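> Sequence:
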Amino acid sequence: MTQPSPFAEIWRGPFLESVHSGHAVICDDTGQIVEAWGDPATVILPRSSSKMIQALPLLTSGAADKARLGTEQLALACASHNGAAIHTDRVETWLSTLGLDDSDFRCGPQEPDDREARDGLIRAGQSPCQVHNNCSGKHAGFLTLNKHLGGGADYVDPAHPVQRACLAAFEEVTGESSPGYGIDGCSAPNFACSLQGMARAMAGFAAAPEGSAEARLHQAMRLHPELVAGEGRACTELMRAMDGKVALKTGAEGFFIAILPEQKLGIALKAACGTTRAAECAIAAILVRLGVLDPNHPATLKRMNAPITNRRDIVTGVLKPAADLL
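Numbering-wise (my numbering), the sequence shown opens with residue 716 and increments by one.
Hint data in this document are derived by calculation from the structure and do not stem from the laboratory.
It is possible that part of the hints are untrue.
Using 25 Å as the maximum straight-line C-alpha spacing, the simulated BS3-like pairs for lysine-lysine come out as follows [as the list claims (entries may be wrong)]:
hint, residue 1, residue 2
1, Lys-862, Lys-781
2, Lys-960, Lys-1017
3, Lys-960, Lys-979
If you're wondering where the values come from, they're calculated on a predicted model, not measured in any experiment.
Given the sequences, and given the hints that come with them, work out the whole structure.
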């Protein structure tokens, strides 16, 4: 097995203090590897980076059009949002149009990452609801598909028609038979594949024709970056920095994907240590390498060549990409 490749370095003064390593693959629209670091064949769980794939049956079944979902709902179906009002208000409206409420979710409650929303709940003496879960948009999509299919209430069961449809879509776009799944933080199954399979899937999204399910989903993400993640988040800020020309999606445990429609390329990467800062630094460096992200944009400089400060705001070090990525 090929060992992980260096991704990101932490320098403190003149000393190399830490090194993050990982695996990354860029595929073209034929599914072939353009560039790779580490082991393209490593088996991974893409976590929330696979939400666009999980949303495919929502469109291909006709459920999205029957429910008259717009680009905002499609972006939320692909989102790992902050639980801000801009997210929860839209998801609650979506649920109400289905004749459903928070109790129909199976994602579990989560304290919002958005500070204003979190403080508002505290001031009101209220507990977080399932709509605050960062995956509530995806689950609203599941519920929309479930209503269309007429399935039972436990739509996260791996044997449920909703999840069987997600697995079929996953295996089709990755070009692989999944070796299994893990249960994600939101209780839905998360199917495994090779890292190349995930990059191949993202390249397929990038090259998909206008009007296809894949194109509609990545277009919605690029049109509404604020709904895909939220203020201060890498997905949102980097998509804005690239003027909506590239779709980005993070996943837990150091995963990231990118969909580049103009170049018809797909990227998938996994930080071996599972840390967010390594994955964000690596995806920014690769996007700079490909010429689609300005290395001097403020959003870029928060993730690569980023100063590390202490509690007195003194610069003590720097986070920078490993040389092999540049």
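> Now tell me, hint by hint, if it's right for this structure.
Against the structure, the hints come out as follows:
1. With a C-alpha separation of about 11 Å, the suggested pairing of Lys-862 with Lys-781 holds against the 25 Å cut-off.
2. About 20 Å separates the Cα atoms of Lys-960 and Lys-1017, which keeps this hinted pair within 25 Å; it holds.
3. Distance restraint check for Lys-960 and Lys-979: the Cα-Cα separation of roughly 11 Å lies within the 25 Å cut-off, and the hinted pair is therefore satisfied.
Figure legend: structure checked against the earlier numbered hints; every hint is met.
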